[in-house]
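Just so you know, the sequences run in chain order A and B. Heads up: the first sequence runs through residues 608 to 938, numbered per this note's numbering. Heads up: the second sequence runs through residues 205 to 343, numbered per this note's numbering.
Just to be clear, a hint being listed does not mean it is correct.
To be verified - No more than 35 Å apart at the CA atoms, straight line, and that leaves these computed lysine-lysine pairs for DSBU-like: (1) A:K634 <-> A:K788; (2) B:K215 <-> A:K905; (3) A:K888 <-> A:K673; (4) A:K905 <-> A:K797; (5) A:K886 <-> A:K831; (6) A:K647 <-> A:K788; (7) A:K907 <-> A:K797; (8) A:K886 <-> A:K840; (9) A:K797 <-> A:K620; (10) A:K740 <-> A:K634; (11) B:K340 <-> A:K907; (12) A:K620 <-> A:K647; (13) A:K886 <-> B:K340; (14) A:K840 <-> A:K907; (15) A:K886 <-> A:K797; (16) A:K647 <-> A:K840; (17) B:K215 <-> A:K647; (18) A:K797 <-> A:K840; (19) A:K831 <-> A:K740; (20) B:K218 <-> A:K840; (21) B:K215 <-> A:K907; (22) A:K660 <-> A:K740; (23) B:K215 <-> A:K840; (24) A:K673 <-> A:K647; (25) A:K888 <-> A:K907; (26) A:K660 <-> A:K673; (27) A:K840 <-> B:K340; (28) A:K740 <-> A:K620; (29) A:K888 <-> B:K340; (30) A:K647 <-> A:K907; (31) A:K647 <-> A:K660; (32) B:K218 <-> A:K797; (33) B:K218 <-> A:K905.
Claimed, not checked - Here are a few chain B residues that sit away from chain A, every Cβ distance over 12 Å (derived from the structure): (34) G212; (35) I227; (36) L229; (37) P231; (38) L232; (39) T235; (40) G240.
Read the hints as simulated data drawn from the structure, not as lab findings. Given the structure is predicted, the values throughout are model-derived calculations rather than measurements. Cβ coordinates follow ideal geometry from the N, Cα and C atoms, glycine included.
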Amino acid sequence: MKAFEYVNPTDIKSAVNELTRAGARGKLIAGGIDLLGEMKDYIRTPDVLVNLKSVPNLNRLQIGTKGLTLGPLVTLTDIAEHPQIRQTYTALAEAAESVGTPQIRNVGTIGGNLCQRPRCWYYRDEHVLCLKKGGDRCYAVNGENQYHAILGGGPSWIVHPSDCAPALMALNASIEITGPKGVRTVPLEKFFVLPMDNIFQENILQPNEIITRISVPRPPIGAKSHYLKIRHKESFDWALSGAAVYLVMRGAAVQDARIVLSGVAPIPWRSREAEAVLKGKMLTPVLAERAGAAAVAKAKLPNPNAHNAYKIPLTRNAVQLALLHAAGMTA
Amino acid sequence: VEVDTLTGRVKVVKVVALQDGGIILNPLTFTSQINGGVIQGIGMALFEDRHMCQLTGRMVNPNMEEYKIPGPMEMPEFLSVPFEHPSATGVTGIGEPPVIPTAAAIRNAILNATGAYLYEAPMTPARVLAALAAAKRRT
Chain A
608 MKAFEYVNPT
618 DIKSAVNELT
628 RAGARGKLIA
638 GGIDLLGEMK
648 DYIRTPDVLV
658 NLKSVPNLNR
668 LQIGTKGLTL
678 GPLVTLTDIA
688 EHPQIRQTYT
698 ALAEAAESVG
708 TPQIRNVGTI
718 GGNLCQRPRC
728 WYYRDEHVLC
738 LKKGGDRCYA
748 VNGENQYHAI
758 LGGGPSWIVH
768 PSDCAPALMA
778 LNASIEITGP
788 KGVRTVPLEK
798 FFVLPMDNIF
808 QENILQPNEI
818 ITRISVPRPP
828 IGAKSHYLKI
838 RHKESFDWAL
848 SGAAVYLVMR
858 GAAVQDARIV
868 LSGVAPIPWR
878 SREAEAVLKG
888 KMLTPVLAER
898 AGAAAVAKAK
908 LPNPNAHNAY
918 KIPLTRNAVQ
928 LALLHAAGMT
938 A
Chain B
205 VEVDTLTGRV
215 KVVKVVALQD
225 GGIILNPLTF
235 TSQINGGVIQ
245 GIGMALFEDR
255 HMCQLTGRMV
265 NPNMEEYKIP
275 GPMEMPEFLS
285 VPFEHPSATG
295 VTGIGEPPVI
305 PTAAAIRNAI
315 LNATGAYLYE
325 APMTPARVLA
335 ALAAAKRRT
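Just chain B, with the same shape it has in the complex (with noise of 0.2 Å):
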């Protein structure tokens, strides 16, 4: 990731997806599939919530300009790896498991990067800020 440490935007660079899918019979849906998680992931990590008003009692953001998702400007560069493993007998499924890890991934890569320590996603401008100016506190 790139942390602009002024401005609390993270940008993801570049995620490598290892994935344990079997045997894989077609590449391109692999590589789609394993894509398609990461980009949730991403989305997971820094952009998707979902606001609700304590004093209406509503959601704010019910749309999707104000619901945030990754869009092509968010898009890292992606390495997909197959992982066939050499007793691998059959062929398993792949949903989109990435987006499992992908959030984790990117937190532990802002601490790597800035030393900032972030416990809640989505790692918005403002928590990025909070969060480096803890780190900042604590050296």
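If we strip away everything but chain A, and leave its shape as in the complex, we get (with noise of 0.2 Å):
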């Protein structure tokens, strides 16, 4: 690993100007998991690394009359461990607990864990330039493409890797920035951004702005969530597949719904296609199924023949499954 300079600032203010006199050589650290990754593998070498740990009280879990907050520094534990998250936000917890292995999650945070970067093996290898990176191709598009997009897919066709985030935005959750110019709070849904709009993020976040809090409403009586991670082995892998579904209902009938899907895009992936088959409809296997379809209906593979297709029936049953499991009933 490169060497680099370490930062310990003592409040939000600080940490936003030392990011900002390093500018692009310097990088924000919390838990690390991802960041130590890229370091060690020199996908990234940052010279300045300023540790968001040192400020005191961001760590903060709240749950009050109307809804959840969390601080950037939460950690995966906590989440998936909290009882009330548990039963009132249950996909957050679903998805903390869903992540890496119990280590990870003891040290891995909340911000970090949207902020993560691809997982993407061309992307991984320092000795591959690919798109991302600044070459001129994406190597998924004819090369080894079996974990890459469905969805969303073009010029890069990376999937990103958060199980948090997909539960969080059909939670409906907003996140505060904070930055040089002050504090803005934007939908989780508009944090992140596609490969055809900008190659080299995957959000919005400029590299002095940091993620100082996130909120999600608290979820009105008659709603239910949950998280289906489909992935190769349980012990420690991503999602090939997954679904976060939110659904309020009246009886049998679904009054609302939000689905987000994991695994399969460049970013968490939102199915308004699969909510339109759902909203004023009574919940059965035979419309989970029909939302389910309607999820992939517009899938887009990386070449006709890629090794992803198998993604495309995967997500269906996943959208499929996770609804009749948010409503209690079985397939």
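Since each chain sits alone in its own frame, please combine them into the complex, following the hints.
Structural data, given as structure tokens:
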């Protein structure tokens, strides 16, 4: 790993200042789970690391009548093991619990989880200069693309690695971002950007901006949520496909629904097509299956013979299973 | 095994491994060797794969993150049975011979459970889903 300067600011303002001073040579570090991996592999070689953990009170978790607020340093274990989150914000607890290993969840933070870089094996290979690293091609188009995007892909075909982001998006979360010009709040849905809009980053954060709070409104009575993560193996694996679903039910009828897919697109992928199938209807296994089919109706592969075609039926089934699970039904 | 026909995931539930190891001097070592072999067999059957990129000529998964091996959650119930037949005269060796039949046994168990024929290892969710779809077309 390349040597770096380590800065310990004691408040947000000086953290922003340190990041501004360092410019492109600087990086914010919290749990460091993702960043240190990149640094060890020489994917990124910052000269300055600004340690967010030295800023107090950023690991606060509060549940009130209006909803849930999380400081960016709340760990995934804190979320996964919180009984009230599990009860009211179920999909979020399930998503946090599905991440990595116990050791990773003890150190990894919710802010870091939202800001993860892609796990694409071309991106993570020091010796491959891909589109996301300033190269001229995405090797996944014609290469080993079994884990790549089926929705929103091109010109890069990465998938977004976060499990918590789809769950938070399904729960209609928003995030507070602090930068040199002050504080702004954006819906989480507007936080992520597709490679066709910006090839070099997966979200709107500027190098000197920091996520300072994540807010989730309290779901109404009758709301249910669930995060289903389908992975090759259960002990430490990324999603092959997944679905975070949020349902507001009136009896057996779906009053409101939000469905966000993981592991299939360069950003957490909200499927309005699947939501439209559900709204106002009685939830049945047949309807859940139709919602799943709608979610993948616009699927587009990196090439016609791509190795990730299996993700289409897998995602269709993930949506179906997640919906039925959330509603307490079986397929 | 248990096969999830909607996700293609295979869970090995129980492995019974019968092994002729001569006269067993140390039962604990015997069990450990057999279990180790079974675990490697599960890896061969379901997980381990070396992905070579035709474009770069490089292996794309040269790490313990993407080269998948079974972890604690993938462990089945183990039952190792020493086959000490009466005419055994001596002590023979045991390596991890259950590596050899385990993958085939899992493949046949999937076939028995679902009617899906698999001809390639590892039997990933992608391959299991494809085999299940083929089995459905055939009937």
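Violated hints - listed by number, lowest first = 19, 24, 32, 33 and 34
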